[in-house]
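Asker: Spelled out from the first residue to the last, the chains are:
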Amino acid sequence: MATEAALEPDIDFAPAEALIDEYMHNREATIALLQDVQTHYGYLPRPVLELVSKRLELPYTQLFALATFYRAFSLEPRGRHLINVCTGTTCHVRGAPLLLDALERECGCKAGETTKDGRFTIETVNCVGACALAPVMVIDEEAHGRLTQAKLKKVLDQYE
Amino acid sequence: MKLKSLADLDRVKEEGLRLLYPERMKICVGTATCGLAAGAGKVAETFRRMIDELKLDAEIEETGCIGFCQNEPIVTVYRPGRAKLVYCSVTPKKAEELARQLAEGEPTYDGTLGRILHEKALLTGDDKVLSKNGAGSGEGDVPDLDEIPFYRKQLKIALRNCGYINPNDIRHYIARGGYYTLRKVLTEWKPDDTIEEVSKSGLRGRGGGGFATGRKWRYCRNAQGDKHYVICNADEGDPGAFMDRSLLEGDPHSMIEGMIIGAFAVGSDEGYIYVRNEYPQAIRKLTRALEECHEYGLLGDDIFGTGFSFDITINRGGGAFVCGESTALMASLEGKVGEPRAKYIHTVEHGLRDQPSCLNNVETWANVPAVMGKGADWFASIGTGGSKGTKVFSLVGDIQNTGLIEVPMGISIREVLEDIGGGVGKGRRFKAVQTGGPSGGTILVDVKGATVRAEPGTGAYTVGVVPESLLDLPIDFDSLTEAGSMMGSGGLIVMDNTSCMVDVARYFLNFLTEESCGKCLPCREGLRQMVAILDRICDGKGEHGDIELLEELGNVVMDTSLCALGGTAANPPLSTIRYFRDEYEAHIYDKKCPAGVCKALITFGIDPETCTGCGLCLKACPTEAIFTRAAKPGESTPKLRKGRELHDITQDKCIKCGACFEACKFDAVHKE
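From first to last, the protein sequence lines are chains V and A. Residue numbering for the first sequence is 1 to 160, as defined by our numbering. Residue numbering for the second sequence is 1 to 672, as defined by our numbering.
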């Protein structure tokens, strides 16, 4: 654990401490706590998980189980912009696999990875509910529908 | 300002009506997730800017969606004394033009979807006539919105307010009869009578399994426990389904009012809404709606002065499909990993924190105020013998009119696809429609297609593929089940001849493999092996015996899984094998993909007879696999433009990305 912590960028623990204070009384809200941690840090840094484990007196493995069970959580730092390519049934039928391939070529990395310059992280998500406009990609909570390979570059250019 | 009396409600209703139908122009833009994804945000911005610039005496309202997602962004123009005009596919440019026209006088009727002459509020029965002379002066040939094919056969109960109100202004909701039913139930009814009325109505769960709602409430009420909980399952994980999302974004109060009534009926004072993480707008709208409920005293202590207290907390999902299953959802609410547990322990008796819990889907809750407000007899007069009321469906995929519809039970699949949906695209052939989703019921189908058993109280992910031969089936819980399919949560994904059913089966199994919680070995490992077999088949390495192996593995997984994710996981391969065996055989024995989808089995080519030499394909190709050449001797090139060369593909550079196919406007690129 110590070596892993050494590889992480410097973490400011103050926000984590504040969040833990808020959730101290409610053990059931562990998932909500982790969601807030992720919203703040962009991912779940291992040192923060260790801190949560210590203060809430929960086994680290339990937190690790939650972090790996739920897709929304990431244990790795993410890029500045999160691209969620919808791979739901309708998007699949309307060309999502080929669109994803084109996106991976454009970004130079695969789904689950981050571009070398830290600009984008590509993830797939199983349905955002905008099926009538398939295929859909959500970037930083902004949904883009009726996508084609040709429109891809223009959409990505909107994000620094 | 807490509402205590009928007079209080009436006062807010009057206020709401003034807001719904103001004395000046109102421009409503549908800004639910699908509207925004189509660009409605910029359209709303444009209108705001133009109103300012032109000093137009008008206001902007952001509403949920009216269901015709195909035509988003949708804008409705309201002017006092005039019929509402509904415009479709509005761009910022069109918005600017429209604003200018409105400032000067009459707007164009180009780009209108329909007009609305009067608006009837389902719960109050009030019919607001919008156009003074009743004939919609001057709109010429603009059809009435509810007469156009997409809307003509629909009947909105759950979606009664969506697209017509500002979802985050409770006054709008009250103006259309909202919370009157709650007041009536709390002050005039008893819990047992309420349950009796819901039972009499025949309302069945809308999440997919169709368990009788009244019965579930009765079991919960009668169960022993320190506390009773009511839960709203807003996890809507079924890909292709967005009924709940639209309801929550368009009219969150309809679901909340239903939940409060349900809490009263089962004896609960604590409720939870479990919303999936992927619906941030729904979460925001719900949060705001709950705040409003607190402000108006509709949640909290002593609601309507009756002594009944109830409050609701929102929980966000973490992105796990299995959490749509009731026991996994409750585990997640308790802060644990979402692993389901055995179903012989019913959640109505031992659910959240081991207490009696009543879990219902968003759409089910949204129906409750209508059932209690207009009565069980009214509700039961709609639909079929075994399936009362309406169902909301998301009609998507390879169909002309995609969107969200609500139809009375008993309508045939064919009517939905052809009359409402407008059929498949030009030059395409209908192939199958996929129905299915997580819910309160499990239907297990064996290889020969006979229904084995139906179990209430379990979560199910069932995929049934309905081929052409079964299109005249009525949409009704029982008819679909008998045919080996399932109503599901409401996703109707249409597939035409460009979808490969083997690929579809592989897609679903892949999905389920990822979403499997891992607890049961056959599900965890069996599904993975099935995906491996299907990968081989789609890669051209299928072997004789693969189909039988899939069937055998599928049956083992179904028989030995604890929950219905594994329990129904075999339906995709089994139903596609049942109805599309020839496609599997083409992949395995002929090494061909008839639909032109599986990359390893197709090659792209450019037809010299159709190629114009425009070069769009060459620009689109990411691997420089496209080159230009002169026509070969004997090759006829009738469409080739003067001075241009034919384009062709170098097969060993082609990565089958399909960019050229997408780019060509002349259908010159083909797959074989």
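Hints were generated in silico from the structure; no laboratory data involved. Just so it is clear, CB atoms sit at the ideal spot from N, CA and C, and this is done for glycine as well. One or more hints might be untrue.
Computed, partial: chain V to chain A, Cβ under 7 Å [stated by the list, open to error]:
{"#": "1", "residue": "15"}
{"#": "2", "residue": "31"}
{"#": "3", "residue": "39"}
{"#": "4", "residue": "42"}
{"#": "5", "residue": "65"}
{"#": "6", "residue": "75"}
{"#": "7", "residue": "79"}
{"#": "8", "residue": "81"}
{"#": "9", "residue": "128"}
{"#": "10", "residue": "131"}
{"#": "11", "residue": "153"}
Asker: Taking the numbered hints from earlier one at a time, note which ones the structure violates and give those numbers from smallest to largest.
Answerer: 1, 3, 4, 6, 7, 8 and 11
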